[in-house]
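Working from the sequences, and respecting the hints, build out all of it.
Spelled out, the chains give:
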Amino acid sequence: MPTAGSNERPWPGWWRSALGRRYAAVFALLVSLPLLAYAAWSAAQVYRQQRDALAAVQTAQADAAAARIQRFLREIELQLSWLTALPWTPDGAPQRRLDALRALRQTPAIADIALIDGQGRERVAESRLALGRVDSMADRMASPAFSGARQARGAYYGDVSFRKGSEPFMTVAVAGPRGEAGVAIAEVSLKYIWDVVSEIRIGDEGIVYVLDPAGRLIAHPDINLVLRNTDLSATLRAFENQKAAAPPRPALRLVGTRGEPVLASSVMLAPPGWRVVVEQGLQEADAPLWANVQGALWVAAVSLLLALSAALWSAWRIARPLRELAQGAERIGAGQLSHRIALHSGDELERLGERFNSMAAELQASHDNLGRQVEERTRELSDANRAKSRLLAAASHDLRQPLHALNLMVAQWRRDPDAAERRRLGLRVEQAIAAINALFDGLLDVSKLDAGVIRPQVEAFPVQRLLDRMDVAHAAAARDKGLELRIRPCDAWVASDPVLLERILGNLVANAVRYTRSGAMLLGCRRTRAGLRIAVWDTGIGIAPDKQERIFDEFYRLDAEGGAADGGLGLGLSIVARLAGLLGHQVSVRSVPGRGSCFAVTVPETASQPHLPTAANDSAIDALQGRRVLVIDNNAQVLASTARLLEGWGCCVLAAHGAPDHVHGPVDLLLVDMRLDHGDDGVAAISRLRRQWGRDVPALILTGDTAIGTRERIAASGLPMLEKPVSALRLRSALTRLLQRG
Amino acid sequence: MAAAAGIALLPPLIPPVQAQPSRTARIGWLGWIGAAGAAASALALAAFRAGLADRGWAEGRGYELLVRDGDQPRSADLAAELVRSGVDLLVAQGPMVFGARKVSGATPVIFNIGGDPVEAGLVASLSHPGGHLTGVTSLSTELAGKRLELLKTAMQWGSHVAAIANALHAGFTIERDAVQAAARRLGLTLSWHLLKSMDDFDTALPRIASEGAHALLAVPDNLINVRAQTLARFSAAQRLPSISGWAAFAEAGNLMSYGPNVHGYYRQMAAIADRLLRGARAADIAVEQPRDIELVVNAKVARALGLDLPAELQLRADRWIE
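For the protein sequence lines, the chains are A and B, in the order given. Start counting the first sequence at 4; every next residue gets the next number (this note's numbering). Start counting the second sequence at 547; every next residue gets the next number (this note's numbering).
If you are wondering where the hints come from, they were derived from the structure by calculation, not from laboratory data. These figures come from a predicted structure and were not determined experimentally. You may find that some hints are simply not true.
[Said to hold, decoys possible] Which residues of chain B face chain A? A few of them, derived with a C-beta cut under 7 Å, are:
id	residue
1	671
2	672
3	673
4	688
5	691
6	692
7	695
8	731
9	831
10	832
11	837
12	839
13	857
14	861
[Claimed, not checked] Listing some non-contacts, in silico: residues in chain A with all C-beta distances to chain B over 10 Å:
id	residue
15	237
16	379
17	402
18	442
19	532
20	666
21	717
All residues carry an ideal CB built from backbone N, CA and C; glycine is no exception.
Okay, structure coming up:
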């Protein structure tokens, strides 16, 4: 049962998750950067637009204020122009005085009025402060007001002067349409412009004020600034410098009349040459901009929070399953193979979780599988071990017999000096030794087969050769038993290992001989679909059907109903089965108890090959004659007897305990024992000598070592090998073969 | 990150708070009763309070008024007392400023005089007072001659004008000279009747009656203001056209007044007080002169006197009292 996903401790916190931190950083960056960039861009846009709008609005407001001041001045002009409508008459003064008084009454801004006739003489003077004059005839021809009014079209505006250094006044003079009408000169108190400028509201705290051409403040909502003769010529200059730029002119940034930073725009008021300035606090003017920036920043902040939340959530959604996977992997790594994780995110992660689970399941299955296999192997190994033990036990049992016989015979030999008896005993000793040899051969074969050291060398050969050798090997034994061995000739060629196939057939024939008390044995071949079926028929005791399987087991001997007197370890068929398995040939048995058996081995047939020269067979015996053979064996006794043997065959023998450094004369053949002194082995010695002589001298390795490592080393070297104890005949044929191959 | 930036931007967005004094302002009022008594100052005080209210000062919450009335000899002591009680500024009526000036130290003083403050030595110039004193002038001296001229237009016969004045009035001598000069220009004769206290009315008025004046000029002053009604009755009885400086004079039953509008006048003082309380320096506040001079004519009195007011007077009158 898969264990559920982690719900042990709560999520520790995204800031401890590297994934969470990275996501948070990336999201935050991805969100906040564009937003801040937008906020900055938007702020810049708003700033620009707002400043443009402000300048436009301020200019409009200044225009409006200027228009009102213009009206104020026009009023005065109008009043004065009425006073100069008619030409002067010598007695016109009293009437004109009333006109002047009326003008004073209607225009509070006019403080003094003087009416000058066409000749420049003052006829009427009225004032709010000073005493009035009538027909004073004072000459005002030279006054700038008089001449100015005459020259100007419309009104003459004098410079602004500050009475008592504090009150702003200006002379306005209007000349009549005709010279005789004279000129009306008025002193205007500019404090009355205060009404205009103080009424105009610019935003919350913005103001309008007026500067004269010299930069002196002549009207301002705070009248006291005017009375103090505030000098704003710097501001005036700033505006005049700005004249160069084309309209719409931007608002100027100045220090305002109240001391704070302001944005100001101005317009010119033409006839008096005044500058009407609109001023607004920078803070107030920029308030919408800051509101916009603040808004954008709040949006950015909120979006950042959302982005961080999204990052947190995304990271959590991914990191939690990953954590589960990690924990799951850890558990499984720790051996808890039944652990399964449960991810339900409905996306790739869930699939990953499923894959993980299936992987874990497979791991578990393969683990169990391996366990089973190990068990099996262990069982097999222990079975094999037991089999080996059985083999050893049986072998030692079977070995004791001939050894015991040998003992007796040796004892008898000692006792009995009779030559004839000795000869008889010698024969029996030989038999006993032969039996022991056979036993060892059989044991070695089985162990070699089990070790897997035997490598079949498949070649194409005529099967008749094999049949002939069977005849040679077993016909005599059959005759001795009174049995007939019939062999049917066959001209087929087969692909197999001739030596191993000979062993198989040899064992089958030997078994047939052993277990047939009377009758005949037939050895023949038949072509079948599966290949060439070489069969051995006998009229022996037969094998019961239930035992037909078991006969291929080691040491299985049918209970001798008198048939197994000549020994036989019961290894024969097991060897046959192993060899057949190695060669890939099928072995079959048919048997009827009491009637006989038929053992067959099926071998793949092959096309016939051209007849190989079998020459040198005759010269086999001569092959060794006169050959120089180097024999190396660390066992002095073995070395000596081997040397004597070879010399008997006609070889010139050089004997050494170990690989010699220097040899006199050429060497035709090497015969080397595997186990040499000083950690040297035969293979290494041979290759060293071959290198030394610069040619591949034919070499044969002799070894009594059945260890797999040694066998493999020899097999890997490719050198032919014989096992001790080796019969002289075998040795000779091996050496001959070597020399023939060259 | 964004929040920090937003917070950093907050201060500029908070509109700057008006610099209101944290504690209640204390204004010391030095009223000049002179010979007039306590009531004289009340009119001015009321107008001043109204002016402060217009500018957003609430009496009791925003400011408190400590009133000390006296005459010029005691002005210094009273001023000192006010200064000791920790007033933020002193408002001195008429001649009280002279005593206050001696003891005010750094406390700003707002004066209210009829004459020229530069000549009186109170300020360096009208535009830049330069010290701790500033205030308003009632242009009394400048208007003195004009009043006589207006009176002359109202006189249908005769050329003798009786001038009644408070001899203790600050700058009186200058004013008298101006009136004198104007009388010469206008071809009038003047007789001066000086008062030093309320009681002097009882002696001066019969004298005026006995002298056979044709018109009465009352030099504007608190004393005159307080006894405006007395003078009204007197001039009605004597059938004298009369003129003074304050509208209250004409309202009280006299023929005319020519001078600054009292409300506007005291409003100007309140404006100065407001500025001073908000932290301006007296040296930076220019002395203000009244902008509007109004001619107030009492038509009822004119009819009672049987006066046929000439056109020029009718044209000039800014306000008629019916």
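For a quick check of understanding: which of the numbered hints are violated here, in increasing order?
Hints that this structure does not satisfy do not exist here, as all of them hold.
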